[in-house]
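Residue numbers (our numbering), protein chains in the order written: chain A, 27 to 380; chain B, 27 to 380.
Since the hints were derived computationally from the structure, they do not count as laboratory data. Hints should not be assumed to be uniformly reliable.
Any copy will do: because identical chains look the same in the list, a pair fits if it lies in one copy or spans two.
[Claimed, not checked] Below 30 Å or equal to it, Euclidean Cα-Cα: the simulated DSBU-like pairs (lysine-lysine) are:
id, residue 1, residue 2
1, LYS288, LYS190
2, LYS280, LYS60
3, LYS37, LYS280
4, LYS359, LYS371
5, LYS89, LYS204
6, LYS190, LYS371
7, LYS280, LYS49
8, LYS89, LYS37
9, LYS371, LYS202
10, LYS288, LYS371
11, LYS359, LYS89
12, LYS89, LYS217
13, LYS218, LYS316
14, LYS316, LYS371
15, LYS371, LYS217
16, LYS316, LYS280
17, LYS202, LYS316
18, LYS288, LYS359
19, LYS190, LYS49
20, LYS204, LYS37
21, LYS218, LYS60
Number of protein chains: 2
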Amino acid sequence: MLYSVIMAGGKGERFWPLSRGHKPKQLLALNSDKPLLVETIDRVSDLVPLDRTYVVAGEALAKPIAAAIPGLPPGRILTEPVGRNTCMAIGLAAAEIGARDPDAIMLVLSADHRIEPASRLREILAFGAELAAAEDRLVTIGITPTRAETGYGYIETGDIVARKGDLVASCVAGFKEKPEPRQAQVYYYGKKHLWNAGMFVWSVRSIWRALESYCPVHFTALSACRDHPGESVCREAAYQQVPDISIDFAVLEKASNVITIKADLVWDDVGSWLALDRLHERDRDGNVVKGTVLSLDTAETIVVNDEPGVVATLGVSDLVVVRSGAITFVAHKSRLGQIRNLVQKVSVEHPDLV
Amino acid sequence: MLYSVIMAGGKGERFWPLSRGHKPKQLLALNSDKPLLVETIDRVSDLVPLDRTYVVAGEALAKPIAAAIPGLPPGRILTEPVGRNTCMAIGLAAAEIGARDPDAIMLVLSADHRIEPASRLREILAFGAELAAAEDRLVTIGITPTRAETGYGYIETGDIVARKGDLVASCVAGFKEKPEPRQAQVYYYGKKHLWNAGMFVWSVRSIWRALESYCPVHFTALSACRDHPGESVCREAAYQQVPDISIDFAVLEKASNVITIKADLVWDDVGSWLALDRLHERDRDGNVVKGTVLSLDTAETIVVNDEPGVVATLGVSDLVVVRSGAITFVAHKSRLGQIRNLVQKVSVEHPDLV
């Protein structure tokens, strides 16, 4: 049977002040009028019913996630006592799903990305599920690049191993870190590299075997969880034992049975406020506006007003202006990389505002 | 006897959103922790008691002004049914004070300027009162320029007519409009021109005579007010009859008995948000901050947070950011000249926010 595992552990500091501790990015309606997490579940609902949908997140998010997905049966939110990166989050889901259905196939999805069109995504994931069920394979989804992006990791493709209709699966020749601009150009024009979107398809059996081979510490800790599904004491003990490591570093870069499906999807990791320029329609001056906003002589500016009243701008450009709760945030677009430093500073002086 | 007349009719749109219809600039504490109007009255309280202090303003401001000056006796707020500029406002005060005391000397002061030191101002005004009592003269106060300012009108001085201690009064050779930058340089370095600060000293008798000579329409309207002091029906009829004109155009540029006292005062008309850069201490990055504000990598920016919560800025410069009530305002300093256009736009779509 096919299961989906939604990775919803992100803190989303990069969307502060709209994102806060109790309402991180995946719970914000940044793309449509639905939270990104709900969009993620809706996209694959024709493949996977809610009963076989698992969401992995910190304990603090269990309630808001349950509220956002009213139909989710009990036990489908897998809470982590501490964040230990994707290797442990995926391993926990494999342990819990494996205890229920040892023959399960897992779709691993991120809770906070934009992906279109959903029908094409489902074709790709269904193909991945076939490949994962047929052999001991770890399937990654690689997005066809549409620009020489330096902000994403890349997957280098090798020989083609399978086809279905116009879909193609290839060996993975290697995983590449976020490149320098010149290298990104080489990747983009060479057409052999895909964006690593953090979407995976594999059987519980295959990922379990891979964890045993490449991450024995994680495997031992997770085995106890698999033997006692849903037991929080056991889960807490497991999380205490393991280091913080991503599934990419821990498994995918080491395993020889990794393949990738080339996915011609519109994909965005919604990584910062700047994503709104890509996700939303801009007015003729290049502004993106949400909520009640009045602008004069304003260009290339993102204004989000999440409150009653008005945000008024005059003679500014290239800014991000956000009004949310008791916080007003004004930043230059070019400095958004420092937003964590600002949030850190706020958390020291006003811990209630983070 | 000496009376003061405080001109408090300004709408102060240039301090929106802190200034609003019911709380214009003169009622804001922009310079110290007291409203500018209260500072104005306090500066001359050693010369003029509250009983002889009159405030001229629109009807809508009567209550907030009374609340700001608890000791002001009844009848000292002269409300105008409509704004008709300074000729009518001063004329109304002359009519009301003249009905009470035909020998009165009036100090005409603006409610929303910064002037320091107060002791020096009192010396200057006392000298003006002596000159106005001794002869039929209209005395203006001219500020010694400290820069080649293009935003103020100028008074050209002529021969010296009186001295007292180190104070000097001169004939006025002419009034000059706001100059172009080159002309402002000529005025500044020539040392014969003073800033026209809109402060005057004269007897009720002298200004009455001048109004009769140069503004017969105003004079007729105001005579009815003088015959029926405090009667609003009479005042409303008077204001319907007269055109909008300043005392400078209507009287001072025509009269031959105008003199000026050179005043070496720190003076600022607090004309826009930019005044805060002059009025307040700036941090080492050139920022002026009021209220709870957290800034990172921010320079030459004015941030006013009039609400609970925080205004956070990141990587910006040369901005004005104001949070007040349900309004957040973000402007580039260089575009503040357009603020009336923005307020106009807000007033159309959100009349409650202006």
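Checked hints:
no., hint, verdict
1, LYS288 / LYS190, "within (12 Å within a copy, 92 Å between copies)"
2, LYS280 / LYS60, "neither (37 Å within a copy, 70 Å between copies)"
3, LYS37 / LYS280, "within (28 Å within a copy, 71 Å between copies)"
4, LYS359 / LYS371, "both (19 Å within a copy, 26 Å between copies)"
5, LYS89 / LYS204, "neither (35 Å within a copy, 64 Å between copies)"
6, LYS190 / LYS371, "neither (52 Å within a copy, 58 Å between copies)"
7, LYS280 / LYS49, "neither (35 Å within a copy, 68 Å between copies)"
8, LYS89 / LYS37, "within (15 Å within a copy, 50 Å between copies)"
9, LYS371 / LYS202, "neither (33 Å within a copy, 51 Å between copies)"
10, LYS288 / LYS371, "neither (42 Å within a copy, 50 Å between copies)"
11, LYS359 / LYS89, "neither (33 Å within a copy, 45 Å between copies)"
12, LYS89 / LYS217, "neither (44 Å within a copy, 73 Å between copies)"
13, LYS218 / LYS316, "neither (38 Å within a copy, 55 Å between copies)"
14, LYS316 / LYS371, "both (27 Å within a copy, 18 Å between copies)"
15, LYS371 / LYS217, "neither (42 Å within a copy, 51 Å between copies)"
16, LYS316 / LYS280, "neither (44 Å within a copy, 56 Å between copies)"
17, LYS202 / LYS316, "neither (36 Å within a copy, 48 Å between copies)"
18, LYS288 / LYS359, "neither (32 Å within a copy, 50 Å between copies)"
19, LYS190 / LYS49, "neither (40 Å within a copy, 71 Å between copies)"
20, LYS204 / LYS37, "within (21 Å within a copy, 56 Å between copies)"
21, LYS218 / LYS60, "neither (35 Å within a copy, 69 Å between copies)"
Going down the numbered hints, you'll see the structure goes against 2, 5, 6, 7, 9, 10, 11, 12, 13, 15, 16, 17, 18, 19, 21, while the others check out.
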